[in-house]
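Q: Take the sequences, apply the hints, and build the full model.
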Amino acid sequence: MAFTLTYNVALVMFGAGLLGVAAGVTGTFMFLRKRALLSDAISHATLPGLCGGFMVMVALGGSGRALEGLLLGSAVSAALGLLAVNFLKSQTRLSEDAAIGAVLSSFFGLGVVMLTVIQNMSAGRQAGLDQLLLGSTAAMLREDAEMIAIGAALVFLVGFVLHRAMTLTAFDENFARALGLNVPLIDAAAMALVLAVTVAGLKIVGLILIVALLIIPPVTARLWSNRAAYIWPIAGAIGGASGLIGAGLSSLAPDLPTGAIIVLVAAGFFLVSFLVAPARGALASAMRHRKFQRRVHRRQGLLALAQGYRILEPYTRKLLQREGYVRADGVMTERGQSAATAAQRDEARVAYLRSKPDYAEFLSRHDGLSDLSRAFTRDELAHIDTRMEAAS
Amino acid sequence: MLRLHQNDQTLDPQSPLAIRGLSVSYGEKPALFSVDLTVAPYSMTAIVGPNGAGKSTLLKAALGVVPRLSGQVSIFGRALASERHRIAYVPQRASVDWDFPANVRDVVLMGLYGKMGLLRRISRDDLAIAEDALAQVGMQDFAHRQIGQLSGGQQQRIFLARALAQNADLYLLDEPFAGVDAATEAAIITLLKKLKDAGKTVVAVHHDLSTVTAYFDHVAMINTRLIAQGPVAQVFTTAHLQEAYGGRLATAQIDRLREAGHY
Ligand SMILES: Nc1ncnc2c1ncn2[C@@H]1O[C@H](COP(=O)(O)OP(=O)(O)O)[C@@H](O)[C@H]1O
Ligand SMILES: [Mg+2]
Chain A
1 MAFTLTYNVA LVMFGAGLLG VAAGVTGTFM FLRKRALLSD AISHATLPGL
51 CGGFMVMVAL GGSGRALEGL LLGSAVSAAL GLLAVNFLKS QTRLSEDAAI
101 GAVLSSFFGL GVVMLTVIQN MSAGRQAGLD QLLLGSTAAM LREDAEMIAI
151 GAALVFLVGF VLHRAMTLTA FDENFARALG LNVPLIDAAA MALVLAVTVA
201 GLKIVGLILI VALLIIPPVT ARLWSNRAAY IWPIAGAIGG ASGLIGAGLS
251 SLAPDLPTGA IIVLVAAGFF LVSFLVAPAR GALASAMRHR KFQRRVHRRQ
301 GLLALAQGYR ILEPYTRKLL QREGYVRADG VMTERGQSAA TAAQRDEARV
351 AYLRSKPDYA EFLSRHDGLS DLSRAFTRDE LAHIDTRMEA AS
Chain B
1 MLRLHQNDQT LDPQSPLAIR GLSVSYGEKP ALFSVDLTVA PYSMTAIVGP
51 NGAGKSTLLK AALGVVPRLS GQVSIFGRAL ASERHRIAYV PQRASVDWDF
101 PANVRDVVLM GLYGKMGLLR RISRDDLAIA EDALAQVGMQ DFAHRQIGQL
151 SGGQQQRIFL ARALAQNADL YLLDEPFAGV DAATEAAIIT LLKKLKDAGK
201 TVVAVHHDLS TVTAYFDHVA MINTRLIAQG PVAQVFTTAH LQEAYGGRLA
251 TAQIDRLREA GHY
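Protein chains in written order, with this note's numbering: chain A, 1 to 392; chain B, 1 to 263.
To be clear, the hints were calculated from the coordinates, so they are not data collected in a lab.
Glycine included, every Cβ here is placed at the ideal spot set by N, Cα and C.
Hints are not guaranteed to be accurate.
[Claimed, not checked] Pairwise CB distance ranges (calculated):
#1 Q344(A) <-> T238(B): 32 to 42 Å
#2 E143(A) <-> R124(B): 16 to 26 Å
#3 D329(A) <-> S95(B): 52 to 62 Å
#4 T238(B) <-> K291(A): 56 to 66 Å
#5 S392(A) <-> S210(B): 26 to 36 Å
#6 D379(A) <-> S95(B): 25 to 35 Å
#7 A351(A) <-> Q14(B): 33 to 43 Å
#8 T238(B) <-> V296(A): 51 to 61 Å
#9 G199(B) <-> A98(A): 32 to 42 Å
#10 Q307(A) <-> Q242(B): 50 to 60 Å
#11 G117(B) <-> S392(A): 52 to 62 Å
#12 D379(A) <-> S210(B): 19 to 29 Å
#13 K291(A) <-> A135(B): 24 to 34 Å
[Stated by the list, open to error] Below, computed lysine to any residue pairings styled on SDA-like, alpha-carbon distance capped at 25 Å:
#14 K115(B) <-> V65(B)
#15 K356(A) <-> Q149(B)
#16 K34(A) <-> V65(B)
#17 K193(B) <-> Q14(B)
#18 K196(B) <-> D379(A)
#19 K194(B) <-> K356(A)
#20 K194(B) <-> Q149(B)
#21 K356(A) <-> V65(B)
#22 K196(B) <-> S43(B)
#23 K193(B) <-> S210(B)
#24 K115(B) <-> E83(B)
#25 K115(B) <-> Y230(A)
#26 K34(A) <-> S151(B)
#27 K34(A) <-> A98(A)
A: And the structure:
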């Protein structure tokens, strides 16, 4: 089957891409705020509203398939779910994760019952409804795609405006409040964004899997960066790429649910990142371990040289030789001499600090291997040296 | 609003931080009850009291971080809302997750968010302010270090740098010496004294009674209620300490504390 970029496919890819960007950005705040699970509660809580919306529209004589009605219904029930979580948390001693679990499963259970009732009472007419569980692009209309795109763009815009306030709130809520930020309002705005992403994503990704698009991109972005300022755009890019690529792939396999394909693409990004990302990836960790091992050997070797010992371990000898600390015949080079002296001096400082219980916590900063100047400021080193001199 | 305090005296307009009839509760039991506090201008004031006495809560309520049940707060004689930019708050170091994805400079720049608002981009001037604040706490070489790699003392230093970046007139610090090394403690107290000399007012929750006399000129003792406040020499007495800490401190211990400051 060949991939042809028809107008309709392009439209869906564009919509899914924008949705992914919005989901990545929104999900980043929930992730940084350690409330990723709340997104799960919100999305699962849409099901009863979705079914309720359908029933109301049918009762009013419609076909029950108008997207606006379905979206309105799901937004209302997701908001109710959110209120229920907050109520349980503040009025009982339940922790947030327990409250989320209770609400998520009850709402979803209710939704499944309603869905079954609908299927039994009106066979055929509910055709569009179950597609909203896992998403599809087959029956996507131009208006649908436009609505999704507009919703996603709005979400992205609000997320962009609030990202500084959200980062601060996520890191240090007390400080944010002391600056005069309205923290409850920021939290409420974030949840409104999650709600908007969920509702906008119903048609393409479906309500069961939208949470994956909210969580996987920020988690993946975290592997790539140690700074929130970069995690926002990286998560947006990963979400966007997942939506775009997933929707494109889905046009090749119209029988498979679109949401599942999009999420699998996102999961692919995660897997690759997990392996190769420089900040926290597995390969990088393995390399860091190697590097650490080298540092241990280098330090041991230099200290041995400083004390006039011969280096017995072949790996250590090879390492020091390769790095120009010793010559092939085992004699120290000039570079080796000064490095050995520095290592020796650091060792004396550490020994001094260790003898003073007051410095225990101060000393804990030092990893025991690298130059002390990496762990202490110049002031601090000067302070140590003065103390040492005074003591001797 | 329920007025628990009977004193109709107005709040001192000269005081950087004046509090009257402040009560706060997180549940049924009050964490603070009808506390009056007038911080002397240009002072270094310690807030002391046993664990759970409401010291952190006092700072938070003064800043509107936690809601008040009753009471008034004035900052330099005016309402908090209009004077927020003159206050720098240093929360307890343990109140945040240091695994948060940020480097040292990111955190210090947060001190400028009040000035920058939601969207203004970080300017060269902002970066210079952050750099200067880091230099003041001896952390200029750590700007790009991941905050998760810092020691307790270094974390406290960058919290202080964030407050310095705010260029405030009133500094409220929650246990700035908790769990820091001796070098950091010395660096912080030197810095705080410099702030005081520059005409700022410093209020710090302080847990180490043995250094109160050496570090501070004023002290407020609380244990849910205000026990005493004023110059250290007058207020840091055996009777007051016993009242604040109950049986937790033996008289002999207290005598040693009082002597500690005199050499
Ligand atoms: N967020 C909170 N929720 C419930 N209780 C709290 C909260 N913060 C503080 N408390 C309670 O309020 C009292 C005062 O706390 P705090 O101000 O932190 O005391 P201190 O700083 O003097 O140790 C304590 O009993 C504490 O358990
Ligand atoms: Mg406290």
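Q: If you check each hint against the structure, which ones fail?
A: 1, 2, 7, 9, 19, 20 and 21
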